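**Student:** Spelled out from the first residue to the last, the chains are:
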Amino acid sequence: MVELEHVTFRYGSETEASLKDVSLQVNEGECILLSGPSGCGKTTILRLINGLIPHYYAGELSGSVRVNGKEVEQTELYETAMHTGMVFQNPRSQFYSTDTTGEMAFACENRGMPEHEIYARIDDTVRRLGTEKLMDRSIFQLSDGEKQKIACASVDVAGTEIILLDEPSANLDDDAAQTLREIILEWRKQGRTIIAAEHRIAYLWDLFDRALIMDSGRMIREFSREEADVLSAADLAAMGLRTNIQESPKDIVLPACTETDRTMVIRNFRFAYPGCKEAVVSIPELRIAQNEITAVTGANGAGKTSFLNCLCGLEKHCEGILEYDGKSYDNKQRQKLCYMVMQDSANQLFTESVLEEVIISLTAGTADEKTAALRILEALDLSAFTDRHPQSLSGGQKQRLAIACALASGRKILLLDEPSSGLDYRHMREMAELLKQVCETGTTVLVVTHDCELIRACAGRKITLG
Amino acid sequence: MAYASEQAQEKRRGFLDPRTKLMLVLLLAVFVLGGLGGSTLKPVKTVLSALPFALLLIEGKTGRFLRGMIMLGIGYGMLAAVGVLPGVLRHIALMCGGILTRFVVTVMMGEYLISSTSVSEFIAGMERMHMPQAVIIPMSVMFRLFPAIGAEWTSVRRAMRMRGIHLGGAKAGQVIEYQLVPMMTSTVRIGEELSASALSRGLAAPVRRTNVCRIGFRIQDYILLAGGVVTVVLWVMELCGVKLW
Amino acid sequence: MNGKDLINIGIYGAIYFVIMMAVAMLGMIPIFLPLLAVIVPILGGIPFMLFLTRVKKPGMIFILTMIMGVMMLLTGMGPWPLLTCALAGLGAELCMKSGNYQDAKKAVLSYGIFSMWIFGNYLPLFTDYEGYFAQRADYGQAYIDAVSRLMPLWMAPVLLIACFVCGIIGGLIGRKLLKKHFEKAGLA
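Residue numbers (our numbering), protein chains in the order written: chain A, 57 to 522; chain B, 49 to 293; chain C, 2 to 189.
Keep in mind that the hints are not guaranteed to be accurate.
[Claimed, not checked] DEER-style ranges, computed between Cβ atoms:
hint : chain 1 : residue 1 : chain 2 : residue 2 : range
1    : A       : S69       : B       : V284      : 51 to 61 Å
2    : C       : L88       : B       : P134      : 46 to 56 Å
3    : A       : P330      : C       : M29       : 49 to 59 Å
4    : A       : F196      : B       : M179      : 20 to 30 Å
5    : B       : F63       : C       : L84       : 52 to 62 Å
6    : B       : M179      : C       : L27       : 40 to 50 Å
7    : B       : G125      : A       : E425      : 43 to 53 Å
8    : B       : F63       : A       : P330      : 45 to 55 Å
9    : A       : P330      : B       : V136      : 43 to 53 Å
10   : B       : R205      : A       : E135      : 41 to 51 Å
11   : A       : I301      : C       : L27       : 54 to 64 Å
12   : C       : V166      : B       : A128      : 30 to 40 Å
[Unchecked claim] Facing chain C, according to a computed beta carbon distance under 8 Å, are these residues of chain B, among others:
hint : residue
13   : G83
14   : L142
15   : G146
16   : Q181
17   : L247
18   : G264
[To be verified] Keeping only pairs whose Cα atoms sit at most 30 Å apart, straight-line, the calculated DSS-like set for lysine-lysine is:
hint : chain 1 : residue 1 : chain 2 : residue 2
19   : C       : K98       : A       : K76
20   : A       : K468      : A       : K392
21   : B       : K109      : A       : K189
22   : A       : K76       : C       : K5
23   : C       : K98       : A       : K426
24   : C       : K5        : A       : K426
25   : C       : K98       : C       : K57
26   : C       : K107      : C       : K57
27   : A       : K126      : C       : K5
28   : A       : K333      : B       : K59
29   : C       : K185      : A       : K126
30   : C       : K185      : A       : K426
31   : A       : K372      : B       : K109
32   : C       : K181      : A       : K126
33   : A       : K189      : B       : K59
34   : B       : K109      : A       : K333
35   : A       : K426      : C       : K181
Hints are computed from structural coordinates only; laboratory data are not their basis.
Note that the coordinates shown come from a computational prediction; the quantities given were computed from them, not determined experimentally.
Using N, Cα and C, we set each Cβ at its ideal position, and we do this for glycine too.
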């Protein structure tokens with residue numbers, strides 16, 4: 057079905073090859089898991105199979121990639137699109153239409169399939185994947201989990217024999233990952249060929265026929281079903297992979313705050329979007345341990361991000377106060393007390409170099425700004441990137457830099473929104489260590505996350521919203 | 049009962065065809081906002097100005113309707129206050145009121161078009177008008193990206209506020225750079241992911257596209273289209289010096 | 002042109018249009034009306050110069066310009082921009098083509114030429130002075146006085162030249178930011 061023979065590929069903008077002499081054969085109806093640390097080349101393989109390389113992402117390609125016996129390089133993208141369908145990582149950017157039904161019909165419309173046939177296919181997909189509630193809605197009203205479900209549904213409607221999944225669960229909570237699992241099961245039942253690139257492997261651990269582990273552009277290990285069954289989480293960790301044990305943050309028990317703990321108190325928090333009656337955030341009283349790391353959990357759509365925005369003083373219409381060290385802080389005052397590392401940290405980096413970025417964050421009147429900034433970068437293991445452009449860093453490095461800026465600003469409370477989404481095992485561990493290090497400087501850390509491994513690795517407390 | 053997409057599409061079909069909406073936007077832009085035409089067209093303009101509000105109500109967009117009404121109220125309030133205000137204030141009120149009353153109406157029409165038309169409907173409308181792909185694809189991408197750009201803009205502004213970067217604090221040029229560079233970087237990345245996703249689903253294949261959207265002219269479209277023709281005819285007659293009333 | 006090129010036109014067209022509309026709102030205040038010929042070309046240079054790094058085939062610049070003309074028609078600026086867009090788009094396209102779509106200096110010049118389409122928004126002020134103010138009579142005499150004082154006939158060539166010159170400046174700024182940010186960020 058899919059054959060890669062001695063494929064080497066280098067992206068036009070890069071100096072090093074992303075894939076080095078990779079060969080791979082996938083048979084009809086097989087379900088393959090591709091895993092490995094960030095930047096190992098798993099997304100590149102998917103792009104080769106659906107023709108985005110070399111037709112969209114240009115670069116230097118050698119070796120041969122065949123789908124259904126056809127050389128992908130010599131086939132037009134829209135022809136390859138008849139056989140392969142892909143679910144992308146980012147739920148916000150893969151929709152061409154703004155309504156769910158139109159999105160599901162999109163691939164078939166592009167082929168010029170008669171309307172009545174498309175309707176029949178959509179009805180069939182809706183029945184099998186159970187998306188009734190999501191039909192005829194605007195995509196802007198859907199949660200990330202619902203968006204990924206629609207993305208899967210549109211691949212399903214297209215009916216391609218090969219389905220490619222590029223870290224589809226990166227932004228999803230456990231329930232949504234379970235839904236994804238059920239959809240993959242359904243595809244297996246139909247005998248479709250599935251290739252899934254994932255860090256988060258627990259939810260599909262028992263689904264695949266073969267697991268291929270990559271590192272630095274090469275295939276390093278291959279596990280058959282039987283071999284995979286005897287692997288433990290520790291074995292995986294040794295290979296730099298995430299756990300294969302399914303767990304929900306609900307199962308993690310952490311001590312609650314007591315009267316004797318040093319706490320900060322949130323009082324009468326209430327926030328509703330303008331024009332909405334129902335509040336997204338409504339917290340009469342909440343104690344949060346000071347100088348500790350607290351995990352904030354809750355399902356997709358429970359208002360976790362809104363809660364952080366409120367705490368940070370970014371929602372003008374948020375009512376309520378925060379009591380910290382005996383003083384009470386309103387919206388505006390909280391802006392100077394809290395620092396947030398956003399989920400999309402690219403939007404909070406402004407300057408032309410990593411060093412400059414930290415310097416502008418330093419509190420006014422810092423003597424010898426450059427030395428102070430360099431010291432922080434050193435502590436966060438970013439010294440090697442001092443002169444790099446912040447936007448050219450990888451996702452994990454951008455978050456690190458955002459944390460460096462938070463430290464430079466000397467704010468007392470650090471908030472993070474899903475800092476480990478899309479991070480591999482090593483980077484997740486590094487993030488956990490970094491948060492502990494930040495906490496030791498006397499900072500209170502709140503982490504919104506659904507990542508159990510991260511919670512176990514660093515959090516001392518847990519609060520559940522919604 | 050099982051879900052039936054064909055019936056569902058028929059049921060959620062917009063009140064107007066996207067082509068009719070486009071014509072209305074054009075009429076309002078030219079006659080109300082652009083102010084074309086003299087006294088003969090006064091009553092026509094009043095009807096045109098009321099249209100977006102009526103349409104917003106028909107589509108059940110009460111929130112937008114109310115917001116528009118409030119803005120319009122402020123505009124007329126200013127015009128009404130002209131009589132009692134002294135000196136300079138009077139001129140300012142007249143100017144702001146005049147601009148506001150015109151703009152609100154056109155903005156409402158634009159909001160109606162964008163909020164009631166999905167990208168699929170827009171594409172369907174353009175296809176029926178036999179527009180080439182070279183026009184349909186860029187324009188549909190634009191409509192798809194406007195909300196995304198808005199979201200990125202807000203996100204960057206928030207980040208700036210959180211980091212304590214204000215217009216007064218740094219030089220204006222720098223603030224613009226801080227605002228524009230991350231916003232553009234994010235938008236371009238979103239756009240590129242969008243195009244990878246669209247192309248890997250066969251967009252721009254050299255076949256005649258089909259479309260599952262139910263569009264087409266119905267009685268209300270014909271009435272409005274006829275109204276559009278009447279407006280243009282009246283305007284031409286006025287140009288030729290014919291006085292009707 | 003393939004699908005990727007057409008989508009790119011949409012992406013950069015959207016960014017350019019949003020920036021332009023955000024600035025154009027200032028134009029309701031009379032003093033800013035002539036200044037738009039300065040501000041829009043300068044800020045618009047940032048997305049446009051990034052767009053030009055994506056342009057490798059003929060036609061992309063022209064299509065983007067014509068779409069701006071259509072958007073102006075839909076936002077109430079009348080039919081004149083369509084004409085200036087056709088001319089400016091063609092000029093910018095030919096200029097870029099003469100440099101084989103690679104020449105950095107021609108890219109700046111091309112943006113200068115492109116920016117002259119903005120003049121189309123001012124044209125009714127000069128071609129149909131009476132009509133323009135008759136259509137805006139309800140803004141009050143003070144507004145009319147203010148605008149007509151700012152916009153005597155000799156301003157017409159001044160504005161056209163301002164669009165071009167500020168386009169060149171905007172193009173240079175755009176190039177600077179391209180080097181300073183977008184190239185390093187891996188976007189250009």
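**Student:** With reference to the structure, classify each hint as holding or not holding.
**Tutor:** Hint by hint, here is what the structure shows:
no. : hint                           : verdict
1   : S69(A) to V284(B): 51 to 61 Å  : holds, 57 Å
2   : L88(C) to P134(B): 46 to 56 Å  : holds, 48 Å
3   : P330(A) to M29(C): 49 to 59 Å  : violated, 25 Å
4   : F196(A) to M179(B): 20 to 30 Å : holds, 26 Å
5   : F63(B) to L84(C): 52 to 62 Å   : violated, 35 Å
6   : M179(B) to L27(C): 40 to 50 Å  : violated, 33 Å
7   : G125(B) to E425(A): 43 to 53 Å : holds, 52 Å
8   : F63(B) to P330(A): 45 to 55 Å  : violated, 26 Å
9   : P330(A) to V136(B): 43 to 53 Å : violated, 34 Å
10  : R205(B) to E135(A): 41 to 51 Å : holds, 44 Å
11  : I301(A) to L27(C): 54 to 64 Å  : holds, 58 Å
12  : V166(C) to A128(B): 30 to 40 Å : violated, 44 Å
13  : G83                            : holds, 3 Å
14  : L142                           : holds, 3 Å
15  : G146                           : holds, 4 Å
16  : Q181                           : holds, 7 Å
17  : L247                           : holds, 5 Å
18  : G264                           : violated, 22 Å
19  : K98(C) to K76(A)               : violated, 38 Å
20  : K468(A) to K392(A)             : holds, 9 Å
21  : K109(B) to K189(A)             : holds, 21 Å
22  : K76(A) to K5(C)                : holds, 27 Å
23  : K98(C) to K426(A)              : violated, 46 Å
24  : K5(C) to K426(A)               : violated, 43 Å
25  : K98(C) to K57(C)               : holds, 9 Å
26  : K107(C) to K57(C)              : holds, 13 Å
27  : K126(A) to K5(C)               : holds, 23 Å
28  : K333(A) to K59(B)              : holds, 28 Å
29  : K185(C) to K126(A)             : violated, 37 Å
30  : K185(C) to K426(A)             : holds, 22 Å
31  : K372(A) to K109(B)             : holds, 25 Å
32  : K181(C) to K126(A)             : violated, 43 Å
33  : K189(A) to K59(B)              : holds, 16 Å
34  : K109(B) to K333(A)             : holds, 16 Å
35  : K426(A) to K181(C)             : holds, 20 Å
In this structure, the hints that do not hold are numbers 3, 5, 6, 8, 9, 12, 18, 19, 23, 24, 29 and 32, in rising order.
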